[in-house]
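Trainee: Residue-level listing of the chains:
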Amino acid sequence: MSINLDQALQTFIVEAHELLQVMEQSLLQLETEPADQGAIGAIFRAAHTIKGSAGLFGLTPVVGFTHIVEDVLDRLRDGSVAVDATLIAVLLKCGDHMLELINVVASRGETLPPAALEREAALREALSRYQAPTHLPETVPQSIQTVDAGAGTSAELLWHISLRFGVEVFRNGMDPLSFLRYLETLGQITQVTTLTETIPALDSWDPESCYLGFEIDLRSTAGHATLNEVFDFVRDDCEVSIEAIHEASDRAVSVASEWDAQAEQGPLTASVQRLPAASEPKTRDGNYVRVNADKLDELINLVGELVIASAGASLLARSCHNDPLQEATSTVSGLVEEILDGALHLRMVPIGDTFNRFRRVVRDISQELGKDIELTISGAETEMDKTVVEKIGDPLMHLLRNAMDHGIESADARRAAGKAGKGHLSLNAYHDSGSIVIEIADDGNGLNRERILEKAQERGLVASGAVLSDQEIYNLIFEPGFSTAEAVTNLSGRGVGMDVVKRNITLLRGTVDLDSRPGQGTVVRIRLPLTLAIINGFLVGIDTSTYVIPLDMVQECIELDVHQRQSSRDQGYLDLRGEVLPLVDLREHFSHEGSAGRRQNVVVVRYAEHKAGLVVDDLLGEFQTVIKPLGKLFGALRGISGSTILGSGAVALILDIPALLNQIVQLEARTAQAPYSPTVVAR
Amino acid sequence: MAKNVLVVDDSSSVRQVVGIALKSAGYDVIEACDGRDALGKLTGQKVHLIISDVNMPNMDGITFVKEVKKLASYKFTPIIMLTTESQESKKAEGQAAGAKAWVVKPFQPAQMLAAVSKLILP
Amino acid sequence: MPITIETRDDSTCVSIDGELTIYTVAELAGALLPQMGGAPRLLLDLSQVTEMDGAGLQLLAVIQREADSGGTALSVTGQSVAVTQALELCRKAGS
Numbered sequence: 000m001s002i003n004l005d006q007a008l009q010t011f012i013v014e015a016h017e018l019l020q021v022m023e024q025s026l027l028q029l030e031t032e033p034a035d036q037g038a039i040g041a042i043f044r045a046a047h048t049i050k051g052s053a054g055l056f057g058l059t060p061v062v063g064f065t066h067i068v069e070d071v072l073d074r075l076r077d078g079s080v081a082v083d084a085t086l087i088a089v090l091l092k093c094g095d096h097m098l099e100l101i102n103v104v105a106s107r108g109e110t111l112p113p114a115a116l117e118r119e120a121a122l123r124e125a126l127s128r129y130q131a132p133t134h135l136p137e138t139v140p141q142s143i144q145t146v147d148a149g150a151g152t153s154a155e156l157l158w159h160i161s162l163r164f165g166v167e168v169f170r171n172g173m174d175p176l177s178f179l180r181y182l183e184t185l186g187q188i189t190q191v192t193t194l195t196e197t198i199p200a201l202d203s204w205d206p207e208s209c210y211l212g213f214e215i216d217l218r219s220t221a222g223h224a225t226l227n228e229v230f231d232f233v234r235d236d237c238e239v240s241i242e243a244i245h246e247a248s249d250r251a252v253s254v255a256s257e258w259d260a261q262a263e264q265g266p267l268t269a270s271v272q273r274l275p276a277a278s279e280p281k282t283r284d285g286n287y288v289r290v291n292a293d294k295l296d297e298l299i300n301l302v303g304e305l306v307i308a309s310a311g312a313s314l315l316a317r318s319c320h321n322d323p324l325q326e327a328t329s330t331v332s333g334l335v336e337e338i339l340d341g342a343l344h345l346r347m348v349p350i351g352d353t354f355n356r357f358r359r360v361v362r363d364i365s366q367e368l369g370k371d372i373e374l375t376i377s378g379a380e381t382e383m384d385k386t387v388v389e390k391i392g393d394p395l396m397h398l399l400r401n402a403m404d405h406g407i408e409s410a411d412a413r414r415a416a417g418k419a420g421k422g423h424l425s426l427n428a429y430h431d432s433g434s435i436v437i438e439i440a441d442d443g444n445g446l447n448r449e450r451i452l453e454k455a456q457e458r459g460l461v462a463s464g465a466v467l468s469d470q471e472i473y474n475l476i477f478e479p480g481f482s483t484a485e486a487v488t489n490l491s492g493r494g495v496g497m498d499v500v501k502r503n504i505t506l507l508r509g510t511v512d513l514d515s516r517p518g519q520g521t522v523v524r525i526r527l528p529l530t531l532a533i534i535n536g537f538l539v540g541i542d543t544s545t546y547v548i549p550l551d552m553v554q555e556c557i558e559l560d561v562h563q564r565q566s567s568r569d570q571g572y573l574d575l576r577g578e579v580l581p582l583v584d585l586r587e588h589f590s591h592e593g594s595a596g597r598r599q600n601v602v603v604v605r606y607a608e609h610k611a612g613l614v615v616d617d618l619l620g621e622f623q624t625v626i627k628p629l630g631k632l633f634g635a636l637r638g639i640s641g642s643t644i645l646g647s648g649a650v651a652l653i654l655d656i657p658a659l660l661n662q663i664v665q666l667e668a669r670t671a672q673a674p675y676s677p678t679v680v681a682r
Numbered sequence: 000m001a002k003n004v005l006v007v008d009d010s011s012s013v014r015q016v017v018g019i020a021l022k023s024a025g026y027d028v029i030e031a032c033d034g035r036d037a038l039g040k041l042t043g044q045k046v047h048l049i050i051s052d053v054n055m056p057n058m059d060g061i062t063f064v065k066e067v068k069k070l071a072s073y074k075f076t077p078i079i080m081l082t083t084e085s086q087e088s089k090k091a092e093g094q095a096a097g098a099k100a101w102v103v104k105p106f107q108p109a110q111m112l113a114a115v116s117k118l119i120l121p
Numbered sequence: 000m001p002i003t004i005e006t007r008d009d010s011t012c013v014s015i016d017g018e019l020t021i022y023t024v025a026e027l028a029g030a031l032l033p034q035m036g037g038a039p040r041l042l043l044d045l046s047q048v049t050e051m052d053g054a055g056l057q058l059l060a061v062i063q064r065e066a067d068s069g070g071t072a073l074s075v076t077g078q079s080v081a082v083t084q085a086l087e088l089c090r091k092a093g094s
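Chains as they are written, first to last, in numbering that gives the first Met the number 0: chain A, 0 to 682; chain B, 0 to 121; chain C, 0 to 94.
Just chain A, with the same shape it has in the complex (with noise of 0.2 Å):
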């Protein structure tokens, strides 16, 4: 038979991930709370499913290797190992040795190299201290094949079967004529007799009992083996004899009616074990459809070009004046933006699971470092894009890793600062007006504030004599070049690479910054949008060309009047109700010729806490619009993130409000000498 397991393999790797995640974060748990069934339970049905499953692929090394850990947690689980933190350190090992395994064998299709082979070795050694003193190999009990008559032998034969089914044969869900209908499939039935005599009288017959027999001739090569384990199912209660018939010949083999015996069951100690719902890690499958996720982005570009020609046709719509057709497309307008919502929706997971990883790193790293160090998870339900949860992970290792090096003192250190010996860090993410927050924060020594500036001066960051707020010092340590190989040393209490996670987080459209206090601790913040895909855009005007800016950092819209764009254009920034707003003006930045139209607005935006007003013509009103990524050739284009098609046809740029504010922001420390401006951007 040829049955293509390659998808089927495909989710088997996928699975053994999350098992293993499952049995990371249970073993975890133990760690805390020895005495957790349900999370025995868990890390128990991981590595049996792990092992069931590999082995329907043939994948030895797996199931060899899980085996022996399966063998343990069973003896974990009916108590005769206790839980201690020697085991569990090897059991948390043995499951990153069977992501490896999964990884290499399952995924690749290579064995693995000889220093994980010596890994395992050692695993194993380790887990033998607990496995059962007079551990055999495990024996398969197999059906014993004691005669057979056909074997060697593929020459046909003429079988013949003596069937007497056992009264409860119906009731138990078998049907005797399904097991002559497996008995073509392997071979010719030539002759067959039902036999009905032992059926009682009808006042003691009852209907869902059995009385039937059959003898039957078979012309089959299939061996006397084979045919005997037809039978299995019902042997219990069955007489079933299979003698072979050599036409013309002496030898005729004959085996005796079998009552096997099943051996007596005893009791059945093995209780049935049922674990509280509630105990359970959440099953992710059951009720779920596994769906590739390039069908995913596929569907949500799809709905993306529906929201456009849905907006379109509501653009037509009311220039035709026609009340029915401008209600009918309202009405679709409204659908597609359900469909919209339940499509990106589809690609929402929780950041839960990422943050659980981090449980693992923070035990290790503060093993290694010889630090107590406590993680706190919140918000852990907290929906984000797939593809940002994907790549925040390395970003949030990185600050993770940092914290407890260097933001968090040994606890000698701690006492004697008067604060507790535990160190505390805490991951946190939350919604916040259109974008998700997630918060890193440590108890530890905080930020070195002078040691920072000095630094950056050093580097020519920062003018000499600027002034900046705390905050903005802090921030420093995120820009290219502030730590290099000689700052490595634990100088700014941020190890290097903070300018690589400023960039990682960047690419996703995302901003980070920090804030600490002297001995009381560190936090970062690291805004992210919440999809990649699709934003809700207020559209602008210059000359014939349309902007589009990311509705949810328009704050307000101004009109500019003709004295105040003197003013305002000879100042750069504008009074905004006693405060000063720095302008840009979009017909200026992107060099559109011409001059500009006879009212000019005023679009004020705010991303984090910087805030500017962009000086456009005009304001077109807010649209809903899927973002297309500007090719290679416009990836240096400083202040735009992608393109949209608008409902007419014609192309709109996005801007980048992040990236354009720091522009701002930048110009403005460059200049920061200059008396008159001494704060870089409006609070």
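For the record, the hints were derived by calculation from the structure and aren't laboratory data. A quick note: this is a predicted structure, and the numbers were derived from the prediction, not measured. Glycine is no exception: its CB is placed at the ideal position from the N, C-alpha and C atoms. Among the hints, erroneous ones may be present.
Claimed, not checked - Here are the computed distance ranges between Cβ atoms for each label pair: (1) C/Asp9 with A/Glu238: 39 to 47 Å; (2) B/Thr42 with A/Ser318: 49 to 57 Å; (3) A/Asp202 with C/Cys12: 21 to 29 Å; (4) B/Ala1 with A/Lys92: 42 to 50 Å; (5) A/Asn102 with B/Glu87: 30 to 38 Å; (6) A/Thr197 with C/Ala30: 20 to 28 Å; (7) B/Ala1 with C/Ile4: 30 to 38 Å; (8) C/Val80 with A/Gln325: 54 to 62 Å; (9) A/Cys319 with B/Ala1: 50 to 58 Å; (10) A/Thr59 with B/Glu87: 20 to 28 Å; (11) A/Thr220 with B/Glu87: 26 to 34 Å; (12) C/Val80 with A/Gln130: 54 to 62 Å; (13) C/Gly77 with B/Thr42: 26 to 34 Å.
Stated by the list, open to error - The following residues of chain A were derived to be distant from chain C, with all beta-carbon distances above 12 Å: (14) Ile12; (15) Val348; (16) Gly392; (17) Glu555.
Add chains B and C to chain A, keeping to what the hints say.
Mentor: Same frame as chain A, now just chains B and C:
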């Protein structure tokens, strides 16, 4: 009309392998991830054969079989238990509960198909 | 109702609609067997049987036995594919 086989296992790859094997032979396959989920899938459609794993979250296989046997419309439906070689006691327990057929994990798709076709035709 | 029983003149006409399996044999036997012997002829219509298994086969065997012993003339007026296949399977004559 193809016969419906309900495959109950918490491992989606096992369900997929069984599904591929059975569909190739002409059976229709319904999947469930644990006993509780499976009980829900028994209503509203006719299931002709049940294949169930033993160790599952929420409701394990043995409890599930016992529940099935209580249902008037399923008390005579054949059930195949998926056991592992190390679970002889579970197999006996399953048989006592009413799952008289079994397939030992790990199995080849062909083995699963053989077990199923002993019990029902596609 | 999976079974309809009508008596016309000297015949009892029985038709079974649906499954002739372990799930229905008890009900079918309960409805059908007491009617036997009520008329000299028993006409059995199996053309609407959708499924038949060993339990169904056993029920047919019992009906035939009871008809024979009671002197009722049993004739099957129609049979569905399911019935034909099941009967063929267990009545294979020697070659």
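Trainee: With reference to the structure, classify each hint as holding or not holding.
Mentor: Structure-based check of each hint:
no.: 1; hint: C/Asp9 with A/Glu238: 39 to 47 Å; in the structure: 43 Å, holds
no.: 2; hint: B/Thr42 with A/Ser318: 49 to 57 Å; in the structure: 54 Å, holds
no.: 3; hint: A/Asp202 with C/Cys12: 21 to 29 Å; in the structure: 26 Å, holds
no.: 4; hint: B/Ala1 with A/Lys92: 42 to 50 Å; in the structure: 47 Å, holds
no.: 5; hint: A/Asn102 with B/Glu87: 30 to 38 Å; in the structure: 33 Å, holds
no.: 6; hint: A/Thr197 with C/Ala30: 20 to 28 Å; in the structure: 24 Å, holds
no.: 7; hint: B/Ala1 with C/Ile4: 30 to 38 Å; in the structure: 32 Å, holds
no.: 8; hint: C/Val80 with A/Gln325: 54 to 62 Å; in the structure: 60 Å, holds
no.: 9; hint: A/Cys319 with B/Ala1: 50 to 58 Å; in the structure: 53 Å, holds
no.: 10; hint: A/Thr59 with B/Glu87: 20 to 28 Å; in the structure: 22 Å, holds
no.: 11; hint: A/Thr220 with B/Glu87: 26 to 34 Å; in the structure: 32 Å, holds
no.: 12; hint: C/Val80 with A/Gln130: 54 to 62 Å; in the structure: 57 Å, holds
no.: 13; hint: C/Gly77 with B/Thr42: 26 to 34 Å; in the structure: 33 Å, holds
no.: 14; hint: Ile12; in the structure: 40 Å, holds
no.: 15; hint: Val348; in the structure: 44 Å, holds
no.: 16; hint: Gly392; in the structure: 54 Å, holds
no.: 17; hint: Glu555; in the structure: 71 Å, holds
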